[in-house]
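Put chain G on the given structure of chain H with help from the hints.
Number of protein chains: 2
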Amino acid sequence: MNKDSVKVFAPASVSNVGPGFDILGFALEGMGDKITLSKRDGTAYIIDAVGTDLPTDPEKNVATVALRSFCDEIGYQGGFLIRIEKNFTPGSGLGSSASSAVGAVFAANELLQAGYSKEELISFALDGESLASGHRHADNVAPCMLGGFVAVKGCDPFDGFQVAYPKALKVLIIFPDIVVKTSDARGLLPKEVPMSLAIQQAANMAGLINGLTTANYAMIRNSLKDVLAQPYRKRLIQAYDEVGKLCEEHGSIGFNISGSGPSMFSFFRKEQDLTQLKESIKELYSAKGINCRLHESAINGRGAEVIDIG
Amino acid sequence: MNKDSVKVFAPASVSNVGPGFDILGFALEGMGDKITLSKRDGTAYIIDAVGTDLPTDPEKNVATVALRSFCDEIGYQGGFLIRIEKNFTPGSGLGSSASSAVGAVFAANELLQAGYSKEELISFALDGESLASGHRHADNVAPCMLGGFVAVKGCDPFDGFQVAYPKALKVLIIFPDIVVKTSDARGLLPKEVPMSLAIQQAANMAGLINGLTTANYAMIRNSLKDVLAQPYRKRLIQAYDEVGKLCEEHGSIGFNISGSGPSMFSFFRKEQDLTQLKESIKELYSAKGINCRLHESAINGRGAEVIDIG
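As they're listed, the protein sequences go chains H and G.
Under the UniProt record's numbering, the residue at position 219 of the first sequence is numbered 219, and the numbers go up by one with no gaps.
Under the UniProt record's numbering, the residue at position 53 of the second sequence is numbered 53, and the numbers go up by one with no gaps.
So that you can see chain H by itself, here it is in the shape it has in the complex (with noise of 0.2 Å):
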C-alpha cells in the first residue's frame, strides 16, 4: 500500500536513571512527539512545528537533520512537509530532541516503506539528536525508539539492550521552570572521579539491574543512587533535596534528576495515590515563585508508533 502521509508518536524519555549516568534511559506515556510526515513535490523539507518556537531551518532541526542522514542513506531525494507537535518543552531535560529525531526518521521508514528495523535506524536519529546535544548518545534515542528501559554501551554501531521492569511501575515526572543547559550540567562534572565512587556506581547499576528484573521494589530503590553526576548536578535545581524528601515520604521507589535537568522524576507503584504528592510539591515551588508542571504516568514500553496513516 503506498502511503502519502504517515502520523507517528515519539514518547519523552527520561535518560541518567540513577546509575545508570549516561547509560539507561526509560519511555514515558502521554508526552513525546506526534510527527506527521507527508510527501511532497520537489526536494525541499518544510516544517510546520505547532505551538513551539522549534527552528524551521532544517539544517537546524533535528527532524529534517536526522530525517536527511536517513533519506541520504536510503537514496530518496523528495521533499517533505513535517508537522512536529509537541506537547512537552525542549530544554526540560526529558529528551525532547530525541523525540523528534526518533519520530522523523521513524516516521520517513514507514512512509517510504524502508524496511529498516527500530534498531538499524537509531543511528539516524542519533545525526540529529547530536545536533541539539552536542554529543553523539543514545540514551534519550534508544528508549524513544523502542520502548521501555533500554541501557546503551556504544552508539556507532548502537550497542545497547532493552531490560525487563516490573510492569506495576509507574512514573512522576517534575518540571520546575528552571533553565539548565546541558552543556553547563555537563561542565559541572568532573573529568577523574575517585575509584571507590566508580565502584559504588557499578554496584548500584547491578542493583539497579537486578531490581527491575526481578520487581525488587526494594532493591530498586536502594540502588538508584548516582554517585558520580548527580551530586554536582542537582545544585542546578532548586529545591532538588526538598522534592526528593517529599516523594521519599510518599513512598518513593527511587528518586533522581531527569536527564541534566531540571526536570525531575521518582517511581512508585502504580496503585499509589499521588494527589497529595503533587500539590505538596506545587506549592513548595510556588512559595519560590517558580511554576512547576507535573506528569504521572506508565512506562511506556512500545517507544515510537504509527498513530495514523494518510
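It should be emphasised that the hints constitute simulated quantities derived from the structure, not laboratory data.
Computed from a predicted structure; not experimentally measured.
Careful: at least some of the hints might be erroneous.
No distinction is drawn between identical chains; accordingly, a pair holds when it is met within one copy or between any pair of copies.
[To be verified] When the alpha-carbon atoms are kept at most 20 Å apart in a straight line, the in silico SDA-like pairs for lysine to any residue are as follows:
#1 K153 / V227
#2 K153 / R221
#3 K153 / Y217
#4 K225 / M195
#5 K34 / G91
#6 K191 / V227
#7 K167 / T213
#8 K153 / R186
#9 K225 / D156
#10 K153 / T213
#11 K153 / N216
#12 K153 / A218
#13 K7 / I47
#14 K225 / D159
For chain G alone, coordinates are given in the frame of chain H:
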C-alpha cells in the same frame, strides 16, 4: 539432637567478576575447605590443618578468628577442635581465606544450633577473612556462604543479593604457579579513574547482570570486561593475554582474573568440550617453565553446606 561434631564444605569462589570488580563473586563446585568442628573440654581452639601450611595459632588463622568472633557474639565459651582440609592453595585468588572463615562460622552455627541465617553469619566470617586480606570485603565470603553469584554493595551490615544465572554455565579455572600478593595487586591501582571509564564499567555491569539473569551468553561475553582494575593487574600474571586468546578461540563466554590473581577464569556452556583448550594452556605454561593447574566445574548454587554429622 545434640551433636558433638559437624563436617561442612565451604566452596572456593571467584571474586572481581569482570566489571564486578570489588562487587561480584560466585562459588565453585569441587574445590574448597572441608571443615570438621568438634567440641572439646576447656576453652582452647586446637587447629588441625591437613595438608597445608596454614597457621595453627588460633590468633593467626582466619577460621579460628572468625569462630571466636561468632562464639563471643553468642556467648559460647567452650573449646573446639577444628580440622581443616583444603584441596586448593592459599594465595591462588580463589577465596581460600573466605572458605576457611565461612566454613568455621557455618559449622559452629550448626554444631551449637545457634539459629543464625547465612546472611547473618557473613559478618562473623568477615572478621576472620579481613585478617588475611587486610580489608573487610565480602566479595568472596558472600558467594562462598550463599552460593551462586552474589553482588555485594556493603558489608556492615551485609548488603548484597544473589543474581540468577544460566544453569548451563560452567567455568574453567586456570591457576598458574605464580605468586601474586593481594596487597601488591591492590597497590597497582590508581586512586582516581577517568569518568568515562567509570561509566563504561557501570555499563558493562548492567550488561553482565542482564546477561546472567536472562541467560544471554553473547551479552555476558560482551560485558565481562573490567576497565578499572584488570588493565593494571594482568601485568602480574604471565601469559594472561595468551590464555585469554586461547579461551576465546575455544568459545569462551568471558575471561578475566579471579580475585587479584594469579588464577584466571573463563565461562563456557556445559556441553563445550575443553580437553583441547586445557592441553593448550598446559603447554603454554610448560614452555615457560611454569606449572599450571586447571579446574573445570559447574557454578556451586548451594554455598556452605553440612556434609556429615558426628
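Taking the hints in turn, this is what the structure says about them:
1. For a Cα distance limit of 20 Å, the shortest separation of K153 from V227 qualifies both inside one copy, at 19 Å, and across copies, at 13 Å.
2. Within a single copy, K153 and R221 get their C-alpha atoms only as close as 23 Å, which misses the 20 Å cut-off; across copies the closest is 13 Å, which meets it.
3. Taking identical chains as interchangeable, the C-alpha atoms of K153 and Y217 lie at most 20 Å apart only when they sit on different chains, with a minimum of 16 Å there against 25 Å within one chain.
4. Proximity of K225 to M195 under the C-alpha cut-off of 20 Å is found in both arrangements, the shortest distances being 16 Å within a copy and 16 Å between copies.
5. Taking identical chains as interchangeable, the C-alpha atoms of K34 and G91 lie at most 20 Å apart only when both belong to the same chain, with a minimum of 18 Å there against 61 Å between chains.
6. For a Cα distance limit of 20 Å, the shortest separation of K191 from V227 qualifies both inside one copy, at 14 Å, and across copies, at 16 Å.
7. Within a single copy, K167 and T213 get their C-alpha atoms as close as 11 Å, and across copies as close as 18 Å, so both meet the 20 Å cut-off.
8. In this assembly of identical chains, K153 and R186 lie within 20 Å of each other by CA distance solely inside one copy; the values are 19 Å within and 27 Å between copies.
9. Taking identical chains as interchangeable, the C-alpha atoms of K225 and D156 lie at most 20 Å apart only when they sit on different chains, with a minimum of 19 Å there against 28 Å within one chain.
10. Both within a single protomer and between protomers do K153 and T213 lie at most 20 Å apart by alpha-carbon distance, with minima of 18 Å and 18 Å respectively.
11. Only between protomers do K153 and N216 lie at most 20 Å apart by alpha-carbon distance; the minimum there is 16 Å, versus 24 Å within a single protomer.
12. For the identical chains of this complex, K153 and A218 are inter-copy neighbours only, at 14 Å across copies versus 26 Å inside a copy, given an alpha-carbon limit of 20 Å.
13. Taking the shortest alpha-carbon separations for K7 and I47, only the intra-copy value of 14 Å comes in at or below 20 Å, while the best inter-copy value is 77 Å.
14. Taking the shortest Cα distances, K225 and D159 sit within 20 Å of each other only across copies (15 Å), while inside one copy they are farther apart (24 Å).
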